[in-house]
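Undergrad: Hey, can you work out the whole structure from these sequences and the hints?
If you're matching positions, the sequence shown starts at 6 in the working numbering and goes up one per residue.
One or more hints might be untrue.
To be verified - Estimated spans, in silico, between C-beta atoms of each pair: (1) Met9 to Lys33: 35 to 45 Å; (2) Phe31 to Ala53: 32 to 42 Å; (3) Trp16 to Trp43: 11 to 21 Å; (4) Thr57 to Ile24: 30 to 40 Å; (5) Leu46 to Pro8: 14 to 24 Å; (6) Ala32 to Met9: 32 to 42 Å; (7) Asn30 to Phe58: 22 to 32 Å; (8) Ala10 to Lys33: 29 to 39 Å; (9) Thr17 to Tyr40: 12 to 22 Å.
Stated by the list, open to error - Listed below are the simulated SDA-like cross-link pairs for lysine to any residue, each with C-alpha atoms no more than 25 Å apart in a straight line: (10) Lys33 to Leu20; (11) Lys7 to Val25; (12) Lys7 to Thr17; (13) Lys13 to Gly23; (14) Lys13 to Ala47; (15) Lys33 to Ile21; (16) Lys13 to Gly48; (17) Lys13 to Ile28; (18) Lys13 to Thr56; (19) Lys13 to Ser41; (20) Lys13 to Leu46; (21) Lys7 to Thr57; (22) Lys7 to Tyr42; (23) Lys33 to Lys13; (24) Lys33 to Ala47; (25) Lys33 to Phe49; (26) Lys7 to Thr56; (27) Lys13 to Leu52; (28) Lys7 to Ala47; (29) Lys13 to Phe58; (30) Lys7 to Leu52; (31) Lys7 to Leu20; (32) Lys13 to Glu35; (33) Lys7 to Tyr40; (34) Lys33 to Trp43; (35) Lys7 to Lys33.
Hints were generated in silico from the structure; no laboratory data involved.
Keep in mind the model is a prediction, meaning the values are calculated, not measured.
All C-beta atoms, glycine included, are put in the ideal place defined by N, C-alpha and C.
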Amino acid sequence: MKPMAPSKLVWTLGLILGIVGIIGNFAKVEMLSTYSYWFLLAGFVILAVGTTFREFRY
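TA: As C-alpha cells, this is what we get:
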C-alpha cells in the first residue's frame, strides 16, 4: 500500500470538518458543541481514507 496525496475536494472536506469539530469544542454553539467529536473524527477518517485508497480520489 503506497500512500498518496488526497484530491483537493477530499482534503478540503476533511479540513472543514476538522475545523468545525475544533470550533465546536471551544465555542458554545449548540449543534457544533454536541457533535464536535464526531465532526473531528469524520474529518480525520476522510483524510486517512483519501490518502490510502486510490478509488476515493474525486
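Undergrad: State for each hint whether it applies.
TA: For each hint, the structure was consulted:
Checked against the hint of 35 to 45 Å, the pair Met9 and Lys33 passes, with Cβ atoms roughly 39 Å apart. At about 24 Å, the CB distance of Phe31 to Ala53 disagrees with the hint of 32 to 42 Å. Under the hint 11 to 21 Å, the C-beta atoms of Trp16 and Trp43, about 20 Å apart, fit the expected range. Separation of Thr57 from Ile24 is about 22 Å and departs from the stated range, judged on CB atoms against 30 to 40 Å.
In this structure the hint that Leu46 and Pro8 lie 14 to 24 Å apart at CB holds, the actual value being about 20 Å. For Ala32 and Met9, the hinted distance range of 32 to 42 Å is satisfied, since their beta carbons lie about 34 Å from each other. For the pair Asn30 and Phe58, the supplied restraint of 22 to 32 Å holds, since their beta-carbon distance comes to about 28 Å. At roughly 36 Å, the beta carbons of Ala10 and Lys33 sit within the given window of 29 to 39 Å.
Between Thr17 and Tyr40 the CB atoms are about 20 Å apart, so this pair conforms to the stated range of 12 to 22 Å. The suggested pairing of Lys33 with Leu20 holds, with an alpha-carbon distance near 20 Å, which does not exceed 25 Å. Taking the CA atoms of Lys7 and Val25, the gap is near 29 Å; set against the 25 Å cutoff, the hint is violated. Distance restraint check for Lys7 and Thr17: the Cα-Cα separation of roughly 21 Å lies within the 25 Å cut-off, and the hinted pair is therefore satisfied.
For the suggested pair Lys13 and Gly23, the alpha carbons sit about 15 Å apart, so the restraint of at most 25 Å is met. This hinted pair checks out: Lys13 and Ala47 have alpha carbons roughly 17 Å apart, not beyond 25 Å. Annotation: proposed proximity of Lys33 to Ile21 holds, straight-line Cα distance about 18 Å (limit 25 Å). Simply put, Lys13 and Gly48 have alpha-carbon atoms about 14 Å apart, close enough for the 25 Å limit, and the pair holds.
The straight-line distance between the Cα atoms of Lys13 and Ile28 is roughly 22 Å, inside the 25 Å bound, and the hint therefore holds. As the CA atoms of Lys13 and Thr56 are separated by approximately 11 Å, the hinted pair is consistent with the 25 Å bound. Between Lys13 and Ser41, the direct Cα distance comes to roughly 23 Å. Compliance with the 25 Å bound is thereby established for this hinted pair. Using a Cα cut-off of 25 Å, the hinted pair Lys13 and Leu46 holds, with the two alpha carbons roughly 19 Å apart.
Note on Lys7 and Thr57: the hinted pairing holds, with a Cα-Cα distance of about 7 Å set against a maximum of 25 Å. Proposed proximity of Lys7 and Tyr42 is contradicted: the alpha carbons are some 29 Å apart, above 25 Å. Annotation: proposed proximity of Lys33 to Lys13 is violated, straight-line Cα distance about 30 Å (limit 25 Å). Restraint check: the Cα-Cα separation between Lys33 and Ala47 comes to about 20 Å, which is no more than 25 Å; the hinted pair holds.
Between Lys33 and Phe49, the direct Cα distance comes to roughly 22 Å. Compliance with the 25 Å bound is thereby established for this hinted pair. Taken as a hint, the Lys7 and Thr56 pair is honoured in the structure, with Cα atoms around 9 Å apart against an allowance of 25 Å. At most 25 Å may separate the alpha-carbon atoms for a hinted pair to count; Lys13 and Leu52 meet this at roughly 11 Å. Only pairs whose Cα atoms come within 25 Å are accepted, and Lys7 paired with Ala47 is accepted, the gap being roughly 22 Å.
A hinted pair counts as satisfied when its Cα atoms are at most 25 Å apart, and Lys13 with Phe58 qualifies at roughly 15 Å. Taking the CA atoms of Lys7 and Leu52, the gap is about 15 Å. The hint holds against a cut of 25 Å. Restraint check for Lys7 and Leu20: satisfied, since their Cα atoms lie roughly 22 Å apart, inside the 25 Å limit. About 30 Å separates the Cα atoms of Lys13 and Glu35, which puts this hinted pair outside 25 Å; it is violated.
With a C-alpha separation of about 33 Å, the suggested pairing of Lys7 with Tyr40 is violated against the 25 Å cut-off. A threshold of 25 Å between alpha carbons decides the hint, and for Lys33 with Trp43 the separation of about 16 Å falls inside it, so the pair holds. A threshold of 25 Å between alpha carbons decides the hint, and for Lys7 with Lys33 the separation of about 40 Å lies outside it, so the pair is violated.
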